[in-house]
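Enquirer: Residues per chain, in single letters:
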Amino acid sequence: MVVARSLTIPNPLVLLPKKDLSRLVQHLMQRYTVVGPVAKGGEHAFSAITDPAQLTLDYVSSLLPPKKVLHQPFEVLFSFHQEQGVLEEREPARGQVLFGVHPCDVHAIEILDKAYGHEYPDPYYVNRRQNTLIVAANCTKVGDNCFCQSMGTGPDLQKGYDLLLTDLGSQILVEIGSPAGEDLLQQVPLQPAPRVMLVEKEKRLDEARRKFKKRLNTSGLKELLEDNFRHPIWDELRQDCLACGSCTMVCPTCFCYNVVDKLDLNLKSGQRQREWDSCMLLEYAQVAMGHNFRKDRDARIKQRIYHKLAYYEPQFGTLGCVGCGRCIGTCVKHIDITDIMARLGGE
Amino acid sequence: MINPFKPARALIRGVQKETYDTTTYTLSFEDARVREEFAFQPGQFNMITLFGIGEAPVSISSDPDEGPTFQHTVRHVGNVTKALARLKVGDAVGVRGAYGTGWPMELLRGRNVLIVAGGIGLAPLRPVITQILRQRRDFGRVELLYGARTPADMLYTPQFPRWQEEIKLYQAVDVVPDGYSWEQRVGVVTTLFGEMESQPADTIVLTCGPEIMMKFVVKDLLTRGFLSDQIYVSLERRMSCGVKKCGKCQIGPKFVCRDGPVFAYAELMGLSEGVLGGVAG
Amino acid sequence: MTDKPRVAIYKMSSCAGCQLEFLNLEPVLLDVVGAVELSYFVMARRQNAPGPYDIGFVEGAITCGEEIEKLKRARQECRVLVALGSCACFGGLPSIKNWIPERVVESRVYQNLEVIESTKAYGIDEYVKVDAYLKGCPVDKGELVEFIKGALLGISPHLRPHSVCVECKLRENVCLFVSQGEPCLGAVTTAGCGALCPSRGKVCDGCRGPANDANAESLARSFTEYGLHKSDVIRKFRKFAGLTPEFSKGAEAV
Amino acid sequence: MSSLRVKVDYLARVEGEGALDIRVHNGEIAELKLKIYEPPRFFEGFLVGRKYDEVPGIVSRICGICPASHQLTAIQAIEDAFGIKVSSQTRDLRKLLALSQWIQSHSLHIYMLALPDFLGYESVLTMAADHLPAVQRALKLKRLGNDLTALIGGREVHPVTATVNGFTSLPSKKDLKAIAERLEEARPDALETVKLCASLELPDFSWEAEHVALRSEEGYAINEGRLVSTEGLNIAPWEYRNHIKERHIPHSNALHSYIEGRGSFLVGPLARVNLNYERLSPGAQEAARAVGVNFPDFNPFRGIVARSLELYHSIEESLAIIDRLELAQEDTSYAVRAGQGFAITEAPRGSLYHSYKINEHGIIEKADIVSPTAHNVHNIEEDLRRFVPQVLDLSEEEATLKCETVIRNYDPCISCSAHFLKMRVVRE
Ligand SMILES: Cc1cc2nc3c(=O)[nH]c(=O)nc-3n(C[C@H](O)[C@H](O)[C@H](O)COP(=O)(O)OP(=O)(O)OC[C@H]3O[C@@H](n4cnc5c(N)ncnc54)[C@H](O)[C@@H]3O)c2cc1C
Ligand code: SF4
Ligand code: SF4
Ligand code: SF4
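Protein chains in written order, with the numbering used here: chain A, 1 to 347; chain B, 1001 to 1281; chain C, 2001 to 2254; chain D, 3001 to 3428.
These are calculated hints, taken from the structure and not from any lab test.
Please note: incorrect hints may appear among the correct ones.
Pulled a few chain B residues facing chain C out of the computed Cβ check, cut under 8 Å [what the hints assert, rightly or not]:
id: 1; residue: 1014
id: 2; residue: 1053
id: 3; residue: 1079
We put the CB at the ideal spot given by N, CA and C, even for glycine.
Can you make the complete structure from the sequences, with help from the hints?
Expert: Below is the structure:
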């Protein structure tokens, strides 16, 4: 697939004075739709901005992951007419820059690239993905629920970005990850960064690394889960979990969807739409004649956890959890995947 | 880039009522290019669209060598399948496919074949049977065990005499309602195991039917000495795409739409989430 | 005269808000009227044609004997009978009084109790078979239109069976419960409203009744952990759908 | 003809269910019964024991046509009990919410419930065939009102955002601007509506009933003010029960509201315009002059004209409010305390009274709600009593229609039956 841009240049480093950040963004906004973290009721949401000042780059996590601009919560697949069949396909997407994406979410996008970009590539996803540049931002702040460190997906990022920002106080260290990323920097006054800035970057990341409160032991996960399919914890979770689906709706690697035809009142034309679905919901595994393969909540909870930690590996060659902590933060019942694994591991 | 979600128009060329709630449709693509490019294996399925109502995965029930038309045998149970029941010759539906793994036809060649089907589960197995009939000498002993709820639920009965010329057919029904005469077995399909001649040696088993039926079929066969890699099952799961995207059909690391629907039982038995009474049951 | 489906709209104990939603379909009202015959619709027309009807929408809870009779007649004259809104689905707001002795409630409103005759408020399926439920207080217009289209096509419409949280997340709201500690019923309530209340800063009141896998007991336990008094929890669950087994368990869990 | 039987099994095109039975014998009214089929839902009964912050959401369900009125009245009564003074922004938003509902309810009543009577149709559905532009105008106006309600209140039927001391969320400036443009565009439609209503041939029927409405120091009263009347009533909301009572009249089966020492009275658009004409928006007054109508006017049939003027007024005043709104997040905190609170507002159909007694835990101990239609029922019967002699010469069918029209003038909302009494009747 074309999505993964290859690195042809060794990561060059430049420095951007913080006060010039808005110039960079302004510059990007001329050519692209810039989507970045914007404050929303005490939290943050990735939104298309109209003014660089809207960006709040010191955010910890966003309500929905930036996945939402690539694999959209609602999407029209095509219009149809009962007599004529499929009527139109979508316009090519406008170029967009995902700005300030954290390492965990970049890793999640890489997983989505695997699920959506290979074997019958999903044209809607791929089209948008090809038109999306990623300006990532290393994490120097750590949230209460973050455990990317354990998953090897943060707080710093090695690849998958076009530009990578690290906040060094009054300056921002910018690492270039692709020719397209380099291109983004045209017309912005930059100074080459002395190599010692890498030491400064490491210092800040090390500070961050020491702040993690949550961890998940990833060694032998598959075996641990296989051995504990009947552990009593599942029954406790069955009683606790609300099956509300929130944990999966906010997950950056969840990709399930449902398809619904929306018919116009003329009963002839309409649109086929897809929208995010969730394995935590009762109807998800229900088939004709009312048979349901995962009627019990514990079966669904297991599906979520096993899928992330045991099944992704054979499917996509990587773990399915990037440690962003969103599912923990969103759960009314404080159900915590790191706790579950710790208990299964006998901790 | 080709859009795997975009159905092509196919016209209904024939409508054959099989039972009170099941119909076989003969279809062909409207567009000549699509028609020519369309190829499938016995056991594969298509996604059938009724625009405005939805899409449903349905097995192809005809023989691949009988192109350029193909058939689907549909039981009318929900929105799409019931709406199909209202269509007639000349009407159009949307079709995309063929998807999924087929039955292991190459593996069957030169071996004995035991087919165990329940209800609508005979539909995806019919192309296997017709392929066998076509080159009967390529296969060893072939037996078909077919169970249905009542005699009225039996599919393809007019074709049975022709089949029986070449293969052995055993039938069973769960119940015989008043007014029906039934000379074959009454009971679940596994009760036919006592009658059949098939033995584990050099035999491949193909089975399709309700999950609960397949569970007992597999269990019984294992105790009779069949090995888990001799038994092939075709699974049903909910599907919204057919191409490994919507996630609905996943069982462990498997996507039923792509890694299946036909699986060797050996592939399933190790899965944590029990399928057909696998180890984790 | 026409082969348009004939529709009847019946009113029981209700605020008339759900049937008003038919008239609130302004942008598509004329299309709807073109597609179905609103044969019996007292709020909108003076000449109401007698049954039988193809579809009957019943609005309101059943709170007295006369209504039971009227409902049974409606069942007889309609091929498809639809519970329109939460009152008809599960007793709705009028069912609040079900946990207070009848005479006590009555005496708070009227002096002369002789002329008052009322029973507990029930959803219509307490008395007749119901073919479809359109939940909500009031019903969601989008779902209403989906239902009408489905009826015209002879299919069951796609109505969300799961929790309000799903739609709340799809709209990227800040969760009132986990972020502000406000006791929200969204996690156990049927979606389909587009998470209307949380999207406007107000907790879900559970007006659409229990979702398909509502775990109200667990939510009730959380309510108490967040500092709600037992009586608050009971009031939360005994509001729009207190009679449903799911919400009953919620009320009884603390 | 000296005998007449007017029997309406169900009153059509009103909200809620009722019936009418009039028997005239030898020119004398032998029986006059406005029957209410609505079984009581006992709101005042089950509000007791609920928490104050649930009240707006609960009373909303008294009526699906004017839910915002019930909410706002309840909220203001609760604020009265707690001693809360709300910000001017909140007062403006509340007024906007109330006006939006007037727009919606008035266009619903004028075009869909009343107009068919005067133009000779059984319903707007059949009227649409011959008067499509008028019906489309109605749908447009009604949608505008609904959209404004949804914008401020979060939903058109049973809004959700209005709470004690404020709103749970504010509309965006962008959306307000967009709706202001639509309100501006709706002026001609509203003017057409006034013209249409003024052009209707209405029965000549007048008697000086007492007209009652809120009147406030500033502007055309809707959420605040004193209750005044054409006979000199002038009271604050807390004095309501000292002056307005209800009694059960055996012949009628409805509770009759009356003013202590006098009798029935009329609330609603006609009363409001009669008492506050000079406070209508300039455009509305100009429209009145343009079509040549004068107030005070005591012909209840002229209610439809008053309603159309209020429709115009609502659009104009909404525009003025949106224009001055700054919209800032405000502190909406407050303290709960024991007390009793009272509020009267002008719902689309007239004055609406709520009062609550609340204990120190915020639990409701007593609720008293009187809806506009409950106020009017007595007067409707008085109208009928005086009107029936005029129709004695008509055919039974025509007489029936005319009597129904008398009732529909009031746009009665029987669903708001918090205070009605239900008859035990079996419909043949
Ligand atoms: C690989 C495969 C092959 C199949 N082959 C055949 C066949 O040859 N003949 C045949 O009659 N049926 C076949 N089915 C079953 C068929 O797909 C379902 O009966 C059909 O999807 C029901 O759709 P509907 O719109 O009619 O029902 P709906 O109205 O959508 O729903 C009815 C019920 O079906 C369930 N359901 C909805 N969507 C799906 C879905 N995508 N897959 C499974 N269940 C679903 C719902 O949970 C509901 O309970 C096959 C299924 C699979 C997975
Ligand atoms: S968010 Fe929590 S309660 Fe909701 S489905 Fe996920 S684990 Fe269960
Ligand atoms: S606000 Fe309510 S509905 Fe929304 S996510 Fe939170 S608990 Fe669920
Ligand atoms: S959020 Fe809850 S209370 Fe609000 S409309 Fe939806 S279901 Fe009803």
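Enquirer: Work down the list of hints and note, for each, if the structure agrees.
Expert: Here's how the hints hold up against the structure:
Evaluation of the residue 1014 of chain B hint against chain C yields a violated restraint, the C-beta minimum of about 23 Å exceeding 8 Å. Below 8 Å, beta-carbon pairs count as interface contacts, and residue 1053 of chain B has one with chain C at about 6 Å; its hint therefore holds. For residue 1079 of chain B, the interface hint holds, the least distance from its beta-carbon to any beta-carbon of chain C being 4 Å, beneath 8 Å.
Of the numbered hints stated above, the single one contradicted by the structure is hint 1.
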